[in-house]
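Working from the sequences, and respecting the hints, build out all of it.
Chains as they are written, first to last, in our numbering: chain S, 92 to 460; chain U, 92 to 460.
You may find that some hints are simply not true.
You can't tell identical chains apart in this list, so a pair holds if it fits in one copy or across any two.
[Stated by the list, open to error] Here are the simulated lysine-lysine pairs, DSS-like style, with alpha carbons at most 25 Å apart:
1. Lys133 to Lys280
2. Lys422 to Lys133
3. Lys166 to Lys231
4. Lys272 to Lys290
5. Lys321 to Lys277
6. Lys160 to Lys368
7. Lys231 to Lys373
8. Lys382 to Lys237
9. Lys133 to Lys93
10. Lys422 to Lys160
11. Lys162 to Lys368
12. Lys231 to Lys370
13. Lys231 to Lys368
14. Lys277 to Lys373
15. Lys160 to Lys231
16. Lys160 to Lys373
17. Lys160 to Lys370
18. Lys355 to Lys370
19. Lys231 to Lys162
20. Lys380 to Lys237
21. Lys423 to Lys316
22. Lys237 to Lys370
23. Lys370 to Lys162
24. Lys237 to Lys372
25. Lys442 to Lys422
26. Lys290 to Lys237
27. Lys382 to Lys368
If you're looking for bench data, these hints aren't it; they were derived computationally from the structure.
Protein chains: 2
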Amino acid sequence: MKNFPIVKSRRLRSTPYTDRIEAQGVSSYTVYNHMLLPASFKSLEADYHHLKKFVQVWDVAAERQVEIKGKDSAKLVQLMTCRDLSKSKIGKCYYAPLIDQEGLLVNDPIINKLAEDRWWLSIADSDVIFFAKGLAAGHKFEVEIKEPNVNILAIQGPLSDDLMEKVFGEEIRKLKFFNFKYFDFKGKKYFIARSGWSKQSGFEVYVEDDSAGQDLYDYLFEYGKEFNVKAGCPNLIERIESALLSYGNDFDNRDNPFEANFDKFINLDTNVNYLGKEKLKKIKQEGIKRKLMGVKIDHNKIDMYCEKTLLDDNNNIVGFVRSATYSPTFKKVIGIAMINKPYWNSKHQFKIDIDEKIFLGTVCDLPFI
Amino acid sequence: MKNFPIVKSRRLRSTPYTDRIEAQGVSSYTVYNHMLLPASFKSLEADYHHLKKFVQVWDVAAERQVEIKGKDSAKLVQLMTCRDLSKSKIGKCYYAPLIDQEGLLVNDPIINKLAEDRWWLSIADSDVIFFAKGLAAGHKFEVEIKEPNVNILAIQGPLSDDLMEKVFGEEIRKLKFFNFKYFDFKGKKYFIARSGWSKQSGFEVYVEDDSAGQDLYDYLFEYGKEFNVKAGCPNLIERIESALLSYGNDFDNRDNPFEANFDKFINLDTNVNYLGKEKLKKIKQEGIKRKLMGVKIDHNKIDMYCEKTLLDDNNNIVGFVRSATYSPTFKKVIGIAMINKPYWNSKHQFKIDIDEKIFLGTVCDLPFI
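Here's what the structure looks like:
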């Protein structure tokens, strides 16, 4: 696949860390929420091995926040998600699929409950702010909705606890998964959650003050030398191996949350009111005809820029692979694919065309084992 | 400015023409509505000179459509825009700023009226579909909202009438600006509007059938040889010289439509109901304190990836330039800037830092003269 340069403009927003990640050697970008998101530094595979062994600092400012506050904020947030938030607690993060009236997926943010009447939706790549504004206007909710100036730094990797303890003190080790708290460093307060878009453990610092974030970025590299800290970013190999789904890649507004395996975040037997609830009940009753599964392909290379069709021996459609990469762990191409029901049995073999050659693969459960 | 490759993925959607534009020599991309949009072919300046003299075919599939149809579709479309559409006619295109409840800009689509109960909003770079879905759900409107599979080819440049006549017949010359009609070619029907994101005149073909679009693409190059047809794309130099505004670059959801000079598309004395109407009345009454204007800078080069600050002699803020480029016509850098009220007098000079050197410039009216 030929490389094409990305043309920068104000519309593809830079972050407070862009100068720093370019100095650190970022080697490619993607665009996410109208913002530059680094996609690789040394190489996808070198970054992957480093992430699994040491600690990395990620500029993930592109995970934008939608702030919803005011009297009706809890009602609006609940209206957007099929996850029952009625027992949600301040200081906790909730992974929550957002659903439209048709029962289709709009986004899969982490919802941070800052107060009973103040929420941050840390979003994937779609303009949730306009969905929220439309709903609020239509329902005449008393809410304020905005995108605050929050630019996340993620600290990810098995040595992330060590680095974060050195910067913020040992208290940070006690922070539980999907909880957040404010921590001090050099007289500044930082909102820190134990979360992040890898399964290598880590933290996300929701930076509200650009210069405090830039200082922290520099300190993390200064303090992190002994842990072999490097600049990194969400890593395609690691995230597919870990089966972390990506809105726009693995699922989108044409898919429902059952098809995307979000079952445990769908509460149908609840009194709370949310969009698409009746549709979801109907979908559940009728049963889905396709769902996201894993695939393993006997090849060492794949470039993805649209879905690729999977066929059986009779050229019937098995499904469509939506994200894929070579996995150094499985020594194969692995991917996430929307698989039609007759092929859910994980022993099915399929054919796939990669660069005009046919390769064989099998369907498997997620997460990969 | 260093070049960085863009990493392709399904999330940054390819178009039915991507293979063709890569064969034609696209040399850079931007991302627009989660889709690849070509940004240059030979070079920005070579493309510019060709566009002003001959005819180009553009892959602007990234101008996505939001289709709104059904009983309440006219009500929903009107609710989103401050332009009075009560006298709108089928077969016409309406440039219409979309506004939220705060009176802030959401997008600036061209609204195509296909039927009294069927509309296509041809959008700039924000997810209008979720704004529409939120409003429809909140208001319990009877509408269907979707993104249809429409992938626009634009034919732009002074020879576009000649090329289009050769393909679709002389009838197409009679198509008036911002009108659309269906035209036949080789047994297929094509929805064609006289419109496009340049001031060099031209057409946009709203292609609903991928393979018909690919055929048309190839025919346009075959038939266009005598007109020196080339592949092109929205051109930064041409669009700034022509003062065509870009959502996300020149204005965004923090700006109101008066600040963006949309006065002639704002109908306050109307009975139609739209979002933010009272806010806009208040803004008009109080008067705005900043607005988009032109700037000319005595230099031959500028890279933009965020706003740049303009200062007066006492280091007070004159405004912020949001888009800019070197103009071969004016032999200067020209740009579009949000200028504070005390500096609206077009004789004001300002200072600007470009690559750590100070240059001088002046504020001017739009369009540039």
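Each hint tested on the structure:
Proximity of Lys133 to Lys280 under the C-alpha cut-off of 25 Å is found in neither arrangement, the shortest distances being 32 Å within a copy and 50 Å between copies. Taking the shortest alpha-carbon separations for Lys422 and Lys133, only the intra-copy value of 21 Å comes in at or below 25 Å, while the best inter-copy value is 40 Å. With identical chains, the CA atoms of Lys166 and Lys231 are at most 25 Å apart both within one copy (12 Å) and between copies (17 Å). When the C-alpha separation of Lys272 and Lys290 is checked against a cutoff of 25 Å, the pair qualifies only within one copy, where the shortest distance is 21 Å, while the shortest distance between copies is 53 Å.
Taking CA atoms no more than 25 Å apart as the test, Lys321 paired with Lys277 passes inside one copy only; the shortest distance there is 22 Å, against 58 Å between copies. In this assembly of identical chains, Lys160 and Lys368 lie within 25 Å of each other by CA distance both inside one copy and across copies; the values are 24 Å within and 23 Å between. With identical chains, the CA atoms of Lys231 and Lys373 are at most 25 Å apart between copies only, with a shortest distance of 20 Å across copies and 28 Å within one. Taking CA atoms no more than 25 Å apart as the test, Lys382 paired with Lys237 passes between copies only; the shortest distance there is 22 Å, against 34 Å inside one copy.
Taking the shortest alpha-carbon separations for Lys133 and Lys93, both the intra-copy value of 18 Å and the inter-copy value of 16 Å come in at or below 25 Å. Taking CA atoms no more than 25 Å apart as the test, Lys422 paired with Lys160 passes in neither setting, with 48 Å inside one copy and 49 Å between copies. Within a single copy, Lys162 and Lys368 get their C-alpha atoms as close as 23 Å, and across copies as close as 23 Å, so both meet the 25 Å cut-off. For the homomeric pair Lys231 and Lys370, the shortest alpha-carbon distances inside one copy (24 Å) and between copies (15 Å) are both at most 25 Å.
Taking identical chains as interchangeable, the C-alpha atoms of Lys231 and Lys368 lie at most 25 Å apart whether they share a chain (21 Å) or sit on different chains (15 Å). Taking identical chains as interchangeable, the C-alpha atoms of Lys277 and Lys373 are never at most 25 Å apart, the minima being 54 Å within one chain and 44 Å between chains. Proximity of Lys160 to Lys231 under the C-alpha cut-off of 25 Å is found in both arrangements, the shortest distances being 14 Å within a copy and 24 Å between copies. In this assembly of identical chains, Lys160 and Lys373 lie within 25 Å of each other by CA distance solely across copies; the values are 24 Å between and 32 Å within a copy.
Within a single copy, Lys160 and Lys370 get their C-alpha atoms only as close as 28 Å, which misses the 25 Å cut-off; across copies the closest is 20 Å, which meets it. When the C-alpha separation of Lys355 and Lys370 is checked against a cutoff of 25 Å, the pair qualifies only within one copy, where the shortest distance is 17 Å, while the shortest distance between copies is 42 Å. Proximity of Lys231 and Lys162 under a CA criterion of 25 Å is satisfied in both settings, with 12 Å inside one chain copy and 22 Å between copies. In this homomeric assembly, Lys380 and Lys237 come within 25 Å of each other (Cα to Cα) only across copies, at 21 Å, whereas the closest approach inside a single copy is 38 Å.
Taking CA atoms no more than 25 Å apart as the test, Lys423 paired with Lys316 passes in neither setting, with 34 Å inside one copy and 47 Å between copies. Taking the shortest alpha-carbon separations for Lys237 and Lys370, only the inter-copy value of 17 Å comes in at or below 25 Å, while the best intra-copy value is 29 Å. Only between protomers do Lys370 and Lys162 lie at most 25 Å apart by alpha-carbon distance; the minimum there is 21 Å, versus 28 Å within a single protomer. Within a single copy, Lys237 and Lys372 get their C-alpha atoms only as close as 32 Å, which misses the 25 Å cut-off; across copies the closest is 22 Å, which meets it.
Only within a single protomer do Lys442 and Lys422 lie at most 25 Å apart by alpha-carbon distance; the minimum there is 18 Å, versus 57 Å between protomers. Taking identical chains as interchangeable, the C-alpha atoms of Lys290 and Lys237 are never at most 25 Å apart, the minima being 30 Å within one chain and 35 Å between chains. Taking the shortest alpha-carbon separations for Lys382 and Lys368, only the intra-copy value of 19 Å comes in at or below 25 Å, while the best inter-copy value is 44 Å.
Taken one by one, the earlier hints fail for this structure at numbers 1, 10, 14, 21 and 26, listed in ascending order.
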